[in-house]
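Those protein sequences? They're chains A and B, same order as listed.
In terms of the working numbering, the first sequence opens at residue 1 and continues consecutively.
In terms of the working numbering, the second sequence opens at residue 1 and continues consecutively.
Keep in mind that the hints were calculated from the coordinates and are not lab data.
Take the hints with a grain of salt, since some may be wrong.
Calculated lysine-lysine pairs in the DSBU-like style (CA-CA distance at most 35 Å, straight line) [claimed, not checked]:
{"hint": "1", "chain 1": "B", "residue 1": "Lys-33", "chain 2": "A", "residue 2": "Lys-29"}
{"hint": "2", "chain 1": "A", "residue 1": "Lys-29", "chain 2": "A", "residue 2": "Lys-130"}
{"hint": "3", "chain 1": "B", "residue 1": "Lys-76", "chain 2": "A", "residue 2": "Lys-130"}
{"hint": "4", "chain 1": "A", "residue 1": "Lys-147", "chain 2": "A", "residue 2": "Lys-130"}
{"hint": "5", "chain 1": "A", "residue 1": "Lys-231", "chain 2": "A", "residue 2": "Lys-148"}
{"hint": "6", "chain 1": "A", "residue 1": "Lys-130", "chain 2": "A", "residue 2": "Lys-248"}
Over 10 Å on every C-beta distance to chain B, these chain A residues come out as not near it, computed from the model [claimed, not checked]:
{"hint": "7", "residue": "Ala-15"}
{"hint": "8", "residue": "Leu-122"}
{"hint": "9", "residue": "Glu-181"}
{"hint": "10", "residue": "Gln-182"}
{"hint": "11", "residue": "Asp-185"}
From the three backbone atoms N, C-alpha and C, an ideal C-beta is built for every residue, glycine too.
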Amino acid sequence: MSTAAPAKTDRFEIAGRAFTSRLIIGTGKYRTFAEMKAAHRASGAEMVTVAVRRVPLDRSTESFLDHLDPSLQILPNTAGCYTAEEAIRTARLAREALQTDLLKLEVIGDQTTLFPDNEQTLAAARVLVKEGFVVLPYFTDDLIMAKKLLDAGCPAVMPLAAPIGSGLGIQNPANLRIMREQLPDATIIVDAGVGTASDAAIAMELGADAVLMNTAIAEAQAPAMMAEAMKLAIGAGRLAYLAGRMPKRLFASASSPNTGVVR
Amino acid sequence: MARRRKYAVLSIRPSEVSELLLIQVNGDRREVKEDTSLLELIVILNLRSEQVAIELNQTVVRRSQWQATVLQEADKVEIVHFVGGG
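With the rest of the complex left out, here is chain A:
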């Protein structure tokens, strides 16, 4: 068995696009643009999310996109949408402006928890897939919903670990593990709720293909440092997953020989 980290060959793919980095990060909540750019660089991420909003007409605004590294793949989201219709309209606008088919689909069901409305998400996914979008849907970690989204033509699914911005980490590891085992060929990206590096490592150990996060980095005391921690954690988690962990045991299993002890 090779002991070298399979970094260069271990890519994950979305609709024909290959990514080396398994960390996708957001662009929201940073204190300054400089802090955001430093975090992005430290993370090694190749794809970042952005939101779509009405232009404020009463004041001049600088262009947000100008502050992003041009080599980054932009993934527009439909954050803030509460119905399939709003999400579909937002998606179409984003595609026109960015000339990309990639889309993070978010249809929220509740303002306090920001939990997704899975039903509306599925409805929007069906329409958008037909229109040629590469739909990456954010949803609750539900195997049945994952199957429906994949059947609808989504090339990947993005189950949440915990509520957006909560930093609670993987709240239902069994669900993620079940999803990976029951959908061995699906691309699963854990999105939302990651708080610190170990959360990201656990997501990868459970078999996720990638992790998407924003608040965990942006609200860290030192975002660029946390971004690097996340990069390392995701790398470590991925390696551990590929290495195949030892089984858990209820009882002990000695590591040193039982016989020949001086008595």
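With chain A fixed as given, assemble chain B onto it according to the hints.
Frame of chain A; chain B shown alone:
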């Protein structure tokens, strides 16, 4: 003999009269001159065309069509751009 009254006469040629249309832009009511195109609207609003997308009456209008798309009374325009988000 009746006194002749003097009138100040404003001579307005019909072509100078420009009708104002009432439209909605990003949820707010706004008046624009008739025959204003979407491209002209972007200029009036001082926006950079390469950074925004426009929806007119719930349909996205491609940038290449902005100049040819003329606003009508009661049109609803949504102009969006990108901001930070997760």
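Numbers of the earlier hints that this structure fails to satisfy, in rising order: 1 and 6
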